[in-house]
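Kindly produce the complete structure, drawing on both the sequences and the hints.
Top to bottom, those sequences are chains A and B. Residue 35 in UniProt numbering sits at position 35 of the first sequence, with consecutive numbering throughout. Residue 645 in UniProt numbering sits at position 645 of the second sequence, with consecutive numbering throughout.
Since the hints were made in silico from the structure, they are not lab data. Among the hints, erroneous ones may be present.
As the list claims (entries may be wrong) - The following label-pair restraints were derived from C-beta to C-beta distances:
#	chain 1	residue 1	chain 2	residue 2	range
1	A	S148	B	V364	32 to 42 Å
2	A	N620	B	C189	49 to 59 Å
3	B	M612	A	D388	52 to 62 Å
4	B	D388	A	D109	33 to 43 Å
5	A	G403	B	D388	29 to 39 Å
Stated by the list, open to error - Far from chain A by the CB rule (all over 12 Å, computed), these chain B residues:
#	residue
6	K53
7	F70
8	D109
9	R188
10	C189
11	T240
12	L279
13	V332
14	M335
15	L422
16	Y437
17	M456
18	D477
19	E525
20	L647
Claimed, not checked - According to the in silico footprint, chain A covers these stretches of chain B (three or more CB under 8 Å from chain A):
#	region
21	536-549
22	561-571
23	623-633
For glycine and all other residues, C-beta sits at the position ideal for the given N, C-alpha and C.
2 protein chains.
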Amino acid sequence: MVNQVQRVEDTWRTCSKSDSSGASNSGGESSKESSRSSTPVLDTDRTDRLRDKMRRRTESGDHWFSLEFFPPRTASGAVNLISRFDRMGSGGPLFIDVTWHPAGDPGSDKETSSMMIASTAVNYCGLESILHLTCCNQTKEKITGYLSKAKRLGLKNIMALRGDPMGADWEEEEAGFNYATDLVKHIRCEFDDYFDICVAGYPTGHPEAESYDEDLRHLKEKMDAGADFIITQLFFRADTFLKFVRDCRAIGITCPILPGIFPIQGYQSLRQLVKLSKLEVPDEIMRVIEPIKDNDAAIRNYGIEQAVGMCRVLLESGEVPGLHFYTLNREVATMEVLRQLGLWNEDPRRTLPWAVSAHPKRKVEDVRPIFWASRPKSYIYRTQDWDDFPNGRWGNSSSPAFGELNDYYLFYLKSKSSKDALLKMWGEELTSEQSVYEVFTSYITAQPNVAGHKVMCLPWNDDPLAPETNLLKNELDKVNRRGVLTINSQPSINGKPSSDPIVGWGPPGGYVFQKAYLEFFTSSENVTALLKVLKKYEPRVNYHIVNVHGQNTTNAHDMQPNAVTWGIFPGREIVQPTVVDPVSFLYWKDEAFALWIEQWAKLYEDESPSRMIIKYIHDNYFLVNLVDNDFPLDNCLWQVIDDMFELLDNPQEEQPAEQPNDEQSDKEQPGK
Amino acid sequence: MVNQVQRVEDTWRTCSKSDSSGASNSGGESSKESSRSSTPVLDTDRTDRLRDKMRRRTESGDHWFSLEFFPPRTASGAVNLISRFDRMGSGGPLFIDVTWHPAGDPGSDKETSSMMIASTAVNYCGLESILHLTCCNQTKEKITGYLSKAKRLGLKNIMALRGDPMGADWEEEEAGFNYATDLVKHIRCEFDDYFDICVAGYPTGHPEAESYDEDLRHLKEKMDAGADFIITQLFFRADTFLKFVRDCRAIGITCPILPGIFPIQGYQSLRQLVKLSKLEVPDEIMRVIEPIKDNDAAIRNYGIEQAVGMCRVLLESGEVPGLHFYTLNREVATMEVLRQLGLWNEDPRRTLPWAVSAHPKRKVEDVRPIFWASRPKSYIYRTQDWDDFPNGRWGNSSSPAFGELNDYYLFYLKSKSSKDALLKMWGEELTSEQSVYEVFTSYITAQPNVAGHKVMCLPWNDDPLAPETNLLKNELDKVNRRGVLTINSQPSINGKPSSDPIVGWGPPGGYVFQKAYLEFFTSSENVTALLKVLKKYEPRVNYHIVNVHGQNTTNAHDMQPNAVTWGIFPGREIVQPTVVDPVSFLYWKDEAFALWIEQWAKLYEDESPSRMIIKYIHDNYFLVNLVDNDFPLDNCLWQVIDDMFELLDNPQEEQPAEQPNDEQSDKEQPGK
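What follows is the structure in structure tokens.
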């Protein structure tokens with residue numbers, strides 16, 4: 001817990017780290033110009049490079065961990081790995097790294113390539129990432145091409161490796177890449193200081209090295225060539241690593257050296273890895289494992305226990321600022337080890353209410369439209385070509401437009417669930433609009449649908465209801481049953497602490513606020529009644545109502561954005577990370593309506609009644625968003641919907657109850 | 001009252017003017033781009049040109065008024081007129097106009113010139129202004145020079161007049177300026193549509209015109225040449241004006257025609273004006289006035305009654321959108337007429353918490369440092385050369401620096417009070433620092449000083465305590481007595497309605513917030529104790545402490561600004577109009593310390609004890625500002641000052657009470 005508290009403080013660079021060090025003494029006149037062009041940045045980690053983050057964490061004694069993954073073989077494997085990035089990213093790794101598979105077209109644009117997986121981790125999951133790169137058998141041009149592409153994609157860190165020579169007849173090339181040192185030199189020569197460079201260390205010596213000492217000298221050469229830090233090969237005894245660190249220090253290697261931790265997860269995977277890496281498993285481990293080799297659970301439990309014990313020794317040695325985990329793309333064992341060590345962040349603080357991208361170009365971004373709240377990856381994709389990102393004011397962005405809905409984009413639109421699973425959730429056969437309402441209601445209430453299946457997702461929501469939305473569950477249930485098909489909502493918040501576990505975000509000591517928001521699809525009959533009802537809520541409620549053809553009705557003045565989430569923090573300007581922006585709503589509309597067809601209607605046969613029902617909704621329903629501007633009062637949006645139902649139920653009352661009253665009140669104010 | 005409510009709504013352009021007209025129906029796709037580069041503007045009046053404001057007010061039936069002034073003869077007359085602009089500006093005139101005095105070097109840079117007075121009204125008083133300009137006996141080059149200068153100074157409206165020919169032997173010049181029409185044509189030719197142009201109308205015909213009809217034809221020519229609206233010469237009967245309007249409409253003059261109202265304020269001034277303008281005073285008026293011609297008060301009362309009666313007829317005619325007043329640079333009669341008509345704005349709403357400049361270049365400005373809160377004119381002067389003004393984010397401003405403290409600037413620094421009055425208030429003779437403390441205390445409490453004089457101003461505060469500051473009066477009194485010499489402060493506000501009469505600002509329906517702020521001079525002994533005390537208030541309290549030499553101590557992170565006033569409004573982005581900006585504080589410091597010397601020390605003989613005391617404070621005291629970031633809680637800044645006094649009173653308690661406790665709490669968290 002101590003580590004977690006410190007991490008939070010560190011991340012936010014609180015206004016004074018200790019009683020005295022926060023006070024700065026500047027020379028007065030000379031510093032007048034210094035902050036003229038600065039923009040408020042909430043999170044130092046968003047701007048620092050990896051080696052600086054390591055330095056700060058090392059100095060503050062705040063241990064970190066990092067996670068290694070390999071690229072998947074299939075597109076659906078890629079979708080799963082990205083979900084895993086999100087889940088494991090929430091635990092607070094300092095970085096992740098993605099291995100380089102020379103045989104798998106690693107630098108290509110394929111969804112499964114090393115390059116694209118690392119880019120996804122950075123851009124869409126907001127993870128600081130290291131891309132591995134091996135150099136043997138590669139031309140300088142090829143390597144420079146890979147590095148340029150990595151830079152273009154927002155990658156900032158490279159793990160420079162030689163890689164395994166292909167074929168037995170490999171020989172050193174003059175002026176070629178024979179060692180990782182050559183690659184380090186090349187990166188520094190071609191890209192100056194742009195990349196942070198990591199290199200591999202071998203606690204028991206590289207299998208091909210002439211000797212342990214010889215190998216250490218090679219490592220020193222890599223550092224001298226410009227590498228920034230070291231991650232080691234896996235090992236099984238803490239002493240092995242600690243001796244290695246002492247030997248490194250003795251020959252002048254001063255950088256961070258991160259131990260590679262391999263929690264044993266199974267008998268076969270251990271044997272295979274040991275064979276590949278030419279390592280020897282110590283007897284005391286083999287003696288435990290051999291008798292239980294057919295019991296996977298027992299081996300995993302042992303592996304966790306063994307890793308935790310070794311990590312404790314490493315951390316207590318004072319020589320280890322952070323631990324690097326070989327995850328083998330699995331979650332359970334590594335997360336359990338980290339939990340037992342107290343390094344897993346159980347209560348991740350949000351920098352902003354939305355997932356922040358780690359792309360350096362987006363580092364000033366601090367406002368987004370609310371519409372993509374459940375689809376942050378889609379938002380990032382559609383704005384990836386922007387030159388400027390909104391900073392403080394949405395209107396300040398000079399970016400021209402949102403990216404089109406194209407095929408590659410649909411990769412991110414693709415549901416994580418199979419067609420079979422979706423049909424079970426959303427109905428093998430739809431008989432009416434009402435059956436669609438029931439799907440929404442099942443999703444909201446987390447109750448099984450008529451066929452007995454839980455609805456875990458909707459086309460607009462890949463995951464179950466967010467904890468924040470759960471606060472509104474009863475009201476959402478009620479309105480969805482009657483065809484107000486909600487896809488996004490937030491409660492009003494009047495100054496909760498920024499540390500609030502459900503709605504909090506941003507640095508400690510602040511206060512967060514929200515205006516109530518509700519977004520839904522509904523029929524044109526409902527919209528007609530709603531528009532009448534909304535007159536009573538002027539100017540308290542702002543609305544935008546649009547159909548698939550772009551027929552758009554709003555009371556937003558001058559198409560100005562409406563801030564719906566903001567925070568007040570010690571010593572900072574106001575942060576307003578979420579807005580209802582009338583212009584981007586029209587782009588979102590395209591996407592929101594497209595999801596009816598792409599994800600839902602296409603589950604059914606062409607011309608089938610089920611497909612026709614979804615198509616009818618797509619063609620005829622309106623997408624509505626409502627904001628209750630009066631955030632200190634009770635949310636009035638449910639009352640608005642109630643009033644709409646009331647009017648629909650009792651249409652005859654409309655005439656006497658409303659129209660004359662309006663006229664009369666006009667007459668009472670003759671000057672109006 | 002109806003007018004006032006409507007004016008507010010109009011000014012703020014509420015989100016929908018009526019039940020239906022606010023809803024806009026856009027074509028969808030085509031409007032996607034429209035707001036990308038917009039910035040949030042709170043006040044439409046800040047961006048509209050005068051003729052558009054008139055059109056909007058006319059359409060909504062919201063009557064307005066305007067005020068005419070002439071330039072003063074002396075510099076102190078200029079200071080007085082500027083105060084009058086502030087006072088009369090608070091009543092809500094749509095515009096003011098400043099007459100052109102050909103004999104008074106009207107286009108020069110003199111403080112008293114027509115040009116500079118109009119510029120001051122626009123830039124420093126935030127008033128929409130019309131500059132008169134006469135053309136006869138002027139070269140085109142000269143006129144173009146005047147117009148270019150006016151444009152450069154931010155003036156946007158010209159009253160185009162012929163002016164009285166000088167000398168009896170005036171003759172028409174070929175290709176010269178013989179009539180106002182020529183000037184209108186010239187303005188349109190040389191400056192296209194930049195200026196709004198007003199021309200004069202003569203309800204009884206121009207005295208030099210051949211006939212009334214001939215004069216009407218000349219007026220039509222002026223309109224055809226490009227004039228935008230008409231202000232008439234004064235008249236004494238509503239019928240005179242209404243007939244004139246009918247005659248204008250009959251020959252195709254469609255623009256606004258504003259009646260010139262002259263409340264009779266005295267017998268002599270009436271006689272003089274009538275003589276100059278060759279008007280005849282109707283018998284029914286002369287019959288009332290003659291008997292009371294030596295009773296100024298009686299004449300003024302009659303003048304008010306007569307003007308109110310005539311204005312009522314005019315407004316009720318439906319032909320008069322607004323009234324134009326010839327004030328003769330006096331306040332009482334015009335204000336009384338406007339009050340009786342219900343046109344004077346008794347409760348002026350503030351657009352922002354500070355005085356908004358009317359210069360077109362500054363129209364996006366919506367953030368300022370809090371330091372100049374009592375000196376807005378000084379702030380405007382010192383930033384007049386900026387190319388960009390902060391909009392939303394202080395850090396976004398790329399403006400380089402604040403203007404230097406120079407002579408012209410000191411004109412705005414000059415106290416409105418005479419040296420005699422200042423000595424009475426601030427002490428004929430100072431005997432110690434304590435006597436300075438007493439001056440501050442008298443100012444805060446509004447109690448007479450030892451010599452029996454009320455202290456109505458301080459060098460940093462030209463006016464008595466603001467209503468908002470009055471909320472803090474008791475605490476301010478207490479601390480000033482002990483040498484915490486406060487010059488600026490605000491209470492914390494946690495979401496009061498934007499319509500709050502004391503702390504409210506901005507459009508209706510919003511909520512305003514403030515962090516508590518306190519700024520003061522105090523001795524270095526106090527500062528030493530304060531710095532110790534402030535450790536207990538980290539990170540709740542942010543501070544900046546600087547002396548005249550620029551020795552600066554702060555706990556502001558990265559010199560980032562701290563928002564201390566902000567507002568949340570329906571359908572808008574967050575507005576944060578006031579910040580504590582660390583960089584501008586160092587410029588403010590120069591000004592704040594200079595005021596000790598320029599305004600106070602220089603009242604006394606060189607080397608006199610009084611002067612030495614002020615000089616000592618100037619050289620040795622620190623300027624401190626404190627912000628309590630925890631705005632929802634009770635303001636802790638008074639506790640901070642109390643703790644400082646406590647520590648000064650009981651210095652021996654410091655060691656046992658604080659230091660060991662701090663260490664102990666560190667030990668209780670071993671991982672820290």
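Evaluated hints:
no., hint, verdict
1, A:S148 with B:V364: 32 to 42 Å, "holds (40 Å)"
2, A:N620 with B:C189: 49 to 59 Å, "holds (58 Å)"
3, B:M612 with A:D388: 52 to 62 Å, "holds (56 Å)"
4, B:D388 with A:D109: 33 to 43 Å, "holds (41 Å)"
5, A:G403 with B:D388: 29 to 39 Å, "holds (30 Å)"
6, K53, "holds (16 Å)"
7, F70, "holds (34 Å)"
8, D109, "holds (29 Å)"
9, R188, "holds (30 Å)"
10, C189, "holds (34 Å)"
11, T240, "holds (27 Å)"
12, L279, "holds (33 Å)"
13, V332, "holds (27 Å)"
14, M335, "holds (22 Å)"
15, L422, "holds (30 Å)"
16, Y437, "holds (27 Å)"
17, M456, "holds (33 Å)"
18, D477, "holds (29 Å)"
19, E525, "holds (18 Å)"
20, L647, "holds (15 Å)"
21, 536-549, "holds (count 6)"
22, 561-571, "holds (count 8)"
23, 623-633, "holds (count 5)"
Of the hints listed earlier, there is not a single one the structure fails to meet.
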